[in-house]
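Colleague: Each chain, letter by letter, is given below.
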Amino acid sequence: MSDSLPPTWVDDVDASPGSAKPDPVLTVDGVTRRFGGLTAVDVEHVEIQRGAITALIGPNGAGKTTFFNLLTGFDKPDAGSWVYRPLTANGDGHREQKLNHMGAHNVTRAGVVRTFQLTKALSRLTVMDNMKLGATGQSGESMFKALIRPLWREQERQIEKRAISLLERFKLIDKRDDWAGTLSGGQRKLLEMARALMVQPQVIMLDEPMAGVNPALTQSLLVHVKELRADGMTVLFVEHDMDVVYDISDWVIVMAEGAIIAEGVPHAIGQDRRVIDAYLGAHHDAPLTDEEEERQFAEAQEVLESEEQVQ
Amino acid sequence: MNWEGILGAAARAAVGRDAVVFCLAAIGLNMHFGYTGLLNFGQAGFMAIGAYGLAVAVNTIGLPMWIGLIVGLAAAVVLALLLGVPTLRLRADYLAIVTIAAAEILRLTFRSVALRDVTGGSSGLTQFARDFYTINPYSSGTYGLWLVRVDERVAWVLTVGWGLVILLSLMMYLLMHSPWGRVIKSIREDEDAARSLGKNVYFYKMQSLILGGVIGAIAGFITSISSQSVQPDTYSTPVTFFAYVILILGGTARIFGPIAGAMIFWALLSLTNSVLRAAVAPDGPLPGLLSGTQIGQVRFVLVGVSLMLLMIFRPQGIFGDRKELALDER
Numbered sequence: 001m002s003d004s005l006p007p008t009w010v011d012d013v014d015a016s017p018g019s020a021k022p023d024p025v026l027t028v029d030g031v032t033r034r035f036g037g038l039t040a041v042d043v044e045h046v047e048i049q050r051g052a053i054t055a056l057i058g059p060n061g062a063g064k065t066t067f068f069n070l071l072t073g074f075d076k077p078d079a080g081s082w083v084y085r086p087l088t089a090n091g092d093g094h095r096e097q098k099l100n101h102m103g104a105h106n107v108t109r110a111g112v113v114r115t116f117q118l119t120k121a122l123s124r125l126t127v128m129d130n131m132k133l134g135a136t137g138q139s140g141e142s143m144f145k146a147l148i149r150p151l152w153r154e155q156e157r158q159i160e161k162r163a164i165s166l167l168e169r170f171k172l173i174d175k176r177d178d179w180a181g182t183l184s185g186g187q188r189k190l191l192e193m194a195r196a197l198m199v200q201p202q203v204i205m206l207d208e209p210m211a212g213v214n215p216a217l218t219q220s221l222l223v224h225v226k227e228l229r230a231d232g233m234t235v236l237f238v239e240h241d242m243d244v245v246y247d248i249s250d251w252v253i254v255m256a257e258g259a260i261i262a263e264g265v266p267h268a269i270g271q272d273r274r275v276i277d278a279y280l281g282a283h284h285d286a287p288l289t290d291e292e293e294e295r296q297f298a299e300a301q302e303v304l305e306s307e308e309q310v311q
Numbered sequence: 001m002n003w004e005g006i007l008g009a010a011a012r013a014a015v016g017r018d019a020v021v022f023c024l025a026a027i028g029l030n031m032h033f034g035y036t037g038l039l040n041f042g043q044a045g046f047m048a049i050g051a052y053g054l055a056v057a058v059n060t061i062g063l064p065m066w067i068g069l070i071v072g073l074a075a076a077v078v079l080a081l082l083l084g085v086p087t088l089r090l091r092a093d094y095l096a097i098v099t100i101a102a103a104e105i106l107r108l109t110f111r112s113v114a115l116r117d118v119t120g121g122s123s124g125l126t127q128f129a130r131d132f133y134t135i136n137p138y139s140s141g142t143y144g145l146w147l148v149r150v151d152e153r154v155a156w157v158l159t160v161g162w163g164l165v166i167l168l169s170l171m172m173y174l175l176m177h178s179p180w181g182r183v184i185k186s187i188r189e190d191e192d193a194a195r196s197l198g199k200n201v202y203f204y205k206m207q208s209l210i211l212g213g214v215i216g217a218i219a220g221f222i223t224s225i226s227s228q229s230v231q232p233d234t235y236s237t238p239v240t241f242f243a244y245v246i247l248i249l250g251g252t253a254r255i256f257g258p259i260a261g262a263m264i265f266w267a268l269l270s271l272t273n274s275v276l277r278a279a280v281a282p283d284g285p286l287p288g289l290l291s292g293t294q295i296g297q298v299r300f301v302l303v304g305v306s307l308m309l310l311m312i313f314r315p316q317g318i319f320g321d322r323k324e325l326a327l328d329e330r
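Here the protein sequences line up with chains A and B, keeping their order.
Note that my numbering gives residue 90 to position 90 of the first sequence, counting from 1, and the numbers run on in steps of one.
Note that my numbering gives residue 201 to position 201 of the second sequence, counting from 1, and the numbers run on in steps of one.
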């Protein structure tokens, strides 16, 4: 159970697929993605509440990661659009920005950053360089300015300061000068999350943040994710571990076969008939009787024989 | 055996024209392969287009030499754009295929009969670098130290060549210790991670391809200026692979890698050649064992074997870091 009280907005929201949220930061409409004959993603409408932790769950092959890839510009949809409503710099309002047709790097610059299921630590860069890379708008990233150090030295110092405070928060400060490739799996997850924060995003999308992490570190990662919400960020994450989903999420969206089949608060979602069916199959709790089995076998036999006759 | 002669030849090879040319070519490849992870197998093409840009501009069109140099550099930029636009969004191996083919297409185009009036066909062009030698500050005589003695023309070529090596190495040092270099190295490690952090990967890969290609064109300038001639077959595919050998020998993604690699590679080739020749001479230990042409081939076998030994016992090259190399295996 979450240590903070559940947010009040959830009481006003329908627990139905595609329900409207009071303050959506992302609104997705009619997104489809096909691979040949397979429809991997077919999302009619979904809204992600600002400042909340939303979990995206579903059985294997439900299209969760493909949906992530589409939203972050790593894949292009066959159809559909999504609108991002970031807060303005002074925080008293928000803009509207279409993110479809944007390259991955532009989505990040707009303030929507993601991590990957298979951690992407940049092995032959130091932990500190990994962190500094995350900062956007660096003037030293222009080839010509790069040659003249005074043009970017001050900015580099500011970035380093931010990196140090994040590394302290994620307990990686002792590793700052080590190659990222020497870190353990769990430390890489921490580094990837810390590095994403260097972007100063409004929305952070975590693809299976707890996969392959030992239980002790899972607890620490959970605390970090909750801190993101406390800092005002919107978190959308894909996860298979239901304990994690129950623990930290404010809202759960369930995908199956590319579509969104259910939404709701964490504890209600576990009872939802459609969700249970999606995970376990529609007849999971009704074992076949002997007669039923024989009947099905006879039917199959008939079909086979009739096909042989045709030939 | 005449050890002084043998060592003298090796020392001359270590600082000679070939060493400086391949050092420059390898600095360009280091940008592509060592730092960015781009598989450019057509560095010979960049060298050729630089050399021909200069020679055609001066000889065929009649422009002054300094404009010819600009033409050569501009041609290298255009070639990089042509190669990069279709391939840099694709997987790394597509660039490899396209560059190796493009370098051969360029060589065959330059030597084609149809273009004889422009590029001189298979015999090439000569005498386009007079302006370079007229500003030679060395008066006639011999220059050098110990066993390395060269005339004033070679001294001038080597001064400019190694000067450029120092200048470009310094530039690479500054670039690679900047935020720009950080983005470039992150692309080598994982493109998608770089994109997820807001970096326009395609744009950076293009910059890297252009920069390394322009450095390749500079290597082509030194090749053609030093002999006052361009010939298409100077820029055949093995040139690219020698440059790779030099880069890996010295250590990839190291500032001093190409310099050490080029000096050692050419000294080693000269050393094996002279030792073999001395050994099979009538007064040597193995008189008449090998003919002159066989020596040329056997020395490459020996150099190949020594490179294999290097890769077995020091896979990171001279300046590389073995622990860093091992990170890939985790």
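Hints were generated in silico from the structure; no laboratory data involved.
A virtual CB, placed ideally from N, CA and C, is assigned to each residue, including glycine.
One or more of the hints may lead you astray.
[Said to hold, decoys possible] Subject to a maximum C-alpha distance of 27 angstroms in a straight line, what follows is the list of computed DSS-like cross-link-like pairs (lysine-lysine):
1. A:161 x A:226
2. A:161 x A:171
3. B:323 x A:171
4. A:98 x A:171
5. A:145 x B:323
6. A:145 x A:171
[Unchecked claim] So the derived list for chain B, only partly shown, Cβ under 10 angstroms to chain A, looks like this:
7. 131
8. 171
9. 180
10. 195
11. 196
12. 288
[To be verified] Restraint ranges, calculated between C-beta atoms of paired labels, are given here:
13. A:137 x B:296: 55 to 63 angstroms
14. B:101 x A:149: 54 to 62 angstroms
15. B:89 x A:147: 48 to 56 angstroms
16. B:159 x A:95: 54 to 62 angstroms
17. B:114 x A:149: 49 to 57 angstroms
18. A:85 x B:85: 33 to 41 angstroms
Colleague: Give me the numbers of the hints this structure contradicts, sorted from smallest to largest.
Modeller: 4, 5, 6, 7, 12, 14, 15
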